[in-house]
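S.K.: Sequence:
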Amino acid sequence: MRAVLFDFSGTLFQIDTYADRIRAAMAEPVDEVAMDVMLSGLEGSLSDPDVVEAQRGRDVSSKAHHHAFTTWYASVPELAPVADVLDEQLKAPEHWVPTRTPSPHWSG
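1 is the number of the first residue of the sequence shown in the numbering used here; add one for each residue after it.
Everything labelled a hint here was simulated from the structure, so no lab data went into it.
Among the hints, erroneous ones may be present.
To be verified - Label-pair ranges, simulated between beta-carbon atoms:
| # | residue 1 | residue 2 | range |
| --- | --- | --- | --- |
| 1 | Val33 | Ala64 | 32 to 38 angstroms |
| 2 | Thr11 | Leu39 | 42 to 48 angstroms |
| 3 | Ile15 | Lys63 | 17 to 23 angstroms |
| 4 | Glu53 | Ile15 | 20 to 26 angstroms |
Every residue gets a Cβ at the ideal spot worked out from N, C-alpha and C, and that includes glycine.
Model the full assembly from the supplied sequences, consistent with the hints where possible.
M.R.: Set out below in structure tokens:
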């Protein structure tokens with residue numbers, strides 16, 4: 001064997017939920033109604049042409065990845081001020097937890 005490749009995200013570890021990450025990023029507490037609005041906004045913006053375009057090539061470089069995710073987060077007005085914080089969380093070990101169940105893509 002010359003190498004072993006692990007798919008980190010979603011296989012070995014998973015990122016905190018969006019709700020947990022949003023709450024950690026916001027300066028003020030977020031109630032369930034406001035959270036539902038923000039989460040619905042994120043989901044809805046996945047079809048926004050600017051967000052779709054920003055996702056192209058997002059895994060090619062850290063700059064492209066940052067642009068893709070901050071564009072997506074900023075598409076929700078309430079999240080725009082914390083778009084950089086939410087993106088930084090993707091690199092912060094405290095926001096990653098071991099995957100509890102095997103990935104459906106795992107064939108080991």
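S.K.: Could you tell me which of the numbered hints above are not met by this structure, giving the numbers in increasing order?
M.R.: 2
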